[in-house]
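The numbering used here puts the sequence shown at residues 1413 to 1681.
Bear in mind the hints are in silico, worked out from the structure with no lab data behind them. Careful, some of the hints might be misleading.
[Said to hold, decoys possible] EDC-like, lysine to aspartate or glutamate: derived pairs with alpha carbons at most 16 Å apart:
hint : residue 1 : residue 2
1    : 1510      : 1681
2    : 1587      : 1556
3    : 1510      : 1648
4    : 1587      : 1614
5    : 1510      : 1534
6    : 1587      : 1549
7    : 1510      : 1655
8    : 1587      : 1598
9    : 1587      : 1655
10   : 1587      : 1568
[Unchecked claim] Cβ-Cβ distance ranges computed for the label pairs, FRET-style:
hint : residue 1 : residue 2 : range
11   : 1598      : 1643      : 37 to 43 Å
12   : 1640      : 1500      : 38 to 44 Å
13   : 1616      : 1503      : 21 to 27 Å
14   : 1579      : 1600      : 22 to 28 Å
15   : 1573      : 1489      : 30 to 36 Å
16   : 1661      : 1564      : 29 to 35 Å
A virtual CB, placed ideally from N, CA and C, is assigned to each residue, including glycine.
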Amino acid sequence: MKSRLLFLLLIMLLLFASACNPAEETLAEPVKLADAPQTQEQERVDMAEEKPIAEPASGLPVQPLNPVPTAQINFQTDLVDELVYRLSYMSSPIAGRKVTTVPGQLPNAPRRYRNGIHEGVDYYGISGGTIVLAAADGTVIRADHNFQEMTLAEYEEAIRLSAAAPTTPPELLDKFRGMQVWIRHDDGVVTRYCHLASINPEITAGIRVAGGQALAQVGNTGMRANIVGETKNASDEPHLHFEIWHGNTFLGQGRPLSEVLELYTRILD
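Work out the full structure: start from the sequences and follow the hints.
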């Protein structure tokens, strides 16, 4: 009897313990968002977001898509210092000679006998046949080896037509320049060497010349004095008429005399 009571007491204790400590349910850990597997599409998006923008290949710097072009020389709008800097590669076309200070021998001086203006600088005080030099490296674009001087009648008719026009017509002004050599330089600037007596045989259109290279000899072609073979005053004497052009503008065009003189002396002397 006693044994049975102990057995029942043991059963009751076991049932009581089970009620107080229920079996723990085994639940799956909640999936964290950060650990969730990514789809292929999400992986591609993430890779795109993490890739550096415009990363240079092989460590080279990224070049700008639209580089700023170098400004072109402009005889009309550039300041004196800018023009001097850009044209500093030039030198005098007559060895040892400096630019004149005589206003009538500089650009913009009036030429009333033909109703025009002077477009270059004159080198007087030199004898006919003096060597004319290239002011700088460049390519010859004109060399008048087949030059034919005007007759006196042609010259006088050209003067008459020029005086009657608003300004000297370009085709007549070209005749007044006489025998010429033109050189185009690497920046597009053109130098003109005028009133020549002769041109060296090797100086032909298309050849490359170096600064200081002999081009021709001084004369007075295109002038009445050469046509009639008589010099009446100093202006009839052989001399070099030298011009510097860019586009349709000669150096110093429309500028005051002080600026013109400063430009030519600082560039050529």
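Q. Can you list which hints this structure breaks, lowest number first?
A. 3, 4, 6 and 8
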